[in-house]
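Novice: Just so you know, the sequences run in chain order P and G.
Under my numbering, the first residue of the first sequence is numbered 165, with each subsequent residue one higher.
Under my numbering, the first residue of the second sequence is numbered 15, with each subsequent residue one higher.
Treat the hints with care, as some may be off.
[To be verified] Partial chain P-side listing against chain G, Cβ under 8 angstroms, derived:
| id | residue |
| --- | --- |
| 1 | 290 |
| 2 | 314 |
| 3 | 319 |
| 4 | 340 |
| 5 | 343 |
| 6 | 344 |
| 7 | 347 |
Since the hints were derived computationally from the structure, they do not count as laboratory data.
Where is the CB? At the ideal position from N, CA and C, for every residue including glycine.
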Amino acid sequence: MKRLAFGLLLVLANPGSVAAAEASAPGAGETADEKSSEAEAPAPEAPEAKKDELPDLSEEVKEAAAEKEEATSQTTTARLSWEDIVVVPRKGFLKRHRLELAPFAAISINDSMIRHYSFGGDLTFYLTDVFSVGLEGQYFIKERSERESLVGFQFNRATTLNRFLYSTSLVFGYVPAYGKFGLFNKYIVHWDVSVNGGIGVIWTEIIPIDPANAGWRNLDIMPQVGISTRMFVTDWLSLSIGLRDYIFSDKFESLNRGNEKVQQAQAAETHAITNNIMVFVSAGLYLPTSFSYKTPR
Amino acid sequence: MTKKAHAMKRGIALLVGCLVGIPAVTQAAQERKSPLADAPAIRRRVELRDKRFELGVGVASTIGQDFYNALMLNVRLGFHITDWIGLSVSAGVFNLTPDWRSSFNDKLNDALPATAQPGDTKTPTRSNAAAAENRIGQIILPQIDIVPFTGKFSLFSRLFASYDVYMVAGPSFVNLVKRGTIDPSTECCKASPYVGWKPGVNVGFGMHAFINNYFAINVEAHNLMYSNNAAGRDVTGSSAVTSDDAQWTYNWLVGLNFMFFLPAQAKVSR
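So that you can see chain P by itself, here it is in the shape it has in the complex:
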C-alpha cells in the first residue's frame, strides 16, 4: 500500500507531462489509451508475492517517467514545427455581405472665407469584398474665417457667402488596393484604399451681406467623389481617414442687393460651381461582428 502511495505521489509531482505531449502531438489518443490501459490492466503478480500484499508498482512508475520524457520531446517538436505558417496568408479582414455603420467627423479645407465642420454617418453594405453601396448623411456647422471678417475692413468690399446645412447621398464604393504594414516591426496592421462616388442633395442657406436682410435656402443636386484609407483594428472595427469632394451649383445673393425682400432677391441670385473638399475621420462598426473564411488556409 505504501509503495502504491509513493508511486502515486511521484506521478502527481510531475503533472501534465504525459497528456501535455499527447494533446499537442499526433497520435495523442493512442498514447493516452495505452497509458490508460496499462494503468487499468492488472499487473502481473510476482511469484513470491503473498496473496494479501499489494503488487509492486515501481516498474509502472519507471515506465511512466520514460513516457513522460518521450512525450516532452514530442511537445518540443510540435512547438517548433512550421505547421502554422502558410505560403499565402488570407486577407486579414473580410467585408462581403457585411453592413458597416461609420459615424464620422469632417472639416472643409478649401475655402478661406468660411469653414464647415460636419458630423454624420455612412451606412454601407458590401456586395462583395470590394464593391459597396451605401447612404451618407451629415449636418454642417459653419465658422466664418478671420480673413472673411477682414475683407470689409481692409478692402472695403463684402463677400457673398452660403452656409451648408445638411446633405444626404447615395454612394458607391470600390476598393482598388489593400495591404498591410508593420508598426515598429512588431505589429502587422491590415489596411485598404477605397474610392467612392455618388450623388445626393445638399441644403444650403444664404448668409445676407446686410444682416438686416433675410436669407433663403437652396436645395442643390450634389455629385461627389472621394478617396479614403482604412485600417482594420479588430474583426468588427476599422478606422478611416479620407477626402471627399462635393461639387454642386449653388445660388448666391447678388452683390447688388439693396433691401429687397427674399422673392425679389432670389430673382437676382447668381449661380456658381462650388467645390467643397472635406477631410474625414471615421470609425467603422461592422455587422455581423465576425466573419469566417470559406476557403482552406
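Given the coordinates of chain P, assemble chain G onto it according to the supplied hints.
Specialist: Chain G alone, transformed into the frame defined by chain P:
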C-alpha cells in the same frame, strides 16, 4: 492478490489518470502556440532607410493661401540614423508661380477698382492691393523624420512597392516677398507689405513608395505655422501697419519628390 486489492488498484489508477490528465490538457493548450508568436513581425526585411542618405528634387505647392499660392521647386536631403528615425531638410528654393492668385484673390481683384476713385478713402486700387500683399519666396524646413509605418502594397495586383509613412517636426523658415510697389499718390490707406524671413513651426507627414532599393517617390505634407500679415494692411484698427497686425497663420504645403537613396545597396534584417 485479493479481489478487493485489485479493485482498489484499479480505482487509484483511474484517479491518477484523471488528476494527471486535467491539468495536462490545460497546460497543453497553453504550451501550443505558433512558432511565429515571439518572432519579429517581418523577417529578412530590406532596411531601406537604415544608415542611408536620401536626396532628391521635386515640386511643392501651397494649399489654401489667402492671396497667392506658390508652386515651388523643392529639394529634399536627409540621413536616416536608423530605419525609423532620421534628419532631413526640405526646401522650397524657388517660387515658380509668383503671380498665382487664389480664387478669393481673383474675385477680390475683380471687385477692386483699377484706378483710384475720387472721394473714396477706403478702397485700394488693384495694383496697390497686389503690391501690399506678400507671397512666399523660399521655404527651409529642417526636421526630424520618424518612420513608424513600413510595409508593402499592391495596386490592382500589378504594381508592388515597399512603402513607409513618416511624421516630421521641426522649425520652419519662410521668406515672404513682395512684388510691385505701392503708388503713394493713389493709395487710400496705410499699407506696407510684410516681408522677410519668418521663423515658425513645421509639422507634417509623408510617404515613400520605393520603386526599387534606391529610388522612391516621395509625397510630403506640412503645416507651417508662422506669423503673417498677408494683406499688408491694418488689422488691429490702429490706422497704421505695424508688427502687431501680424497673426499666427496655418499654411499647408504638399510636395512630390523623386528621391535617391545612397548607398544603393540596402541591408537585410535577420
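Novice: Hint by hint, say whether it matches the structure.
Specialist: Against the structure, the hints come out as follows:
no.	hint	in the structure
1	290	violated, 19 angstroms
2	314	holds, 6 angstroms
3	319	holds, 6 angstroms
4	340	holds, 6 angstroms
5	343	holds, 4 angstroms
6	344	holds, 6 angstroms
7	347	holds, 6 angstroms
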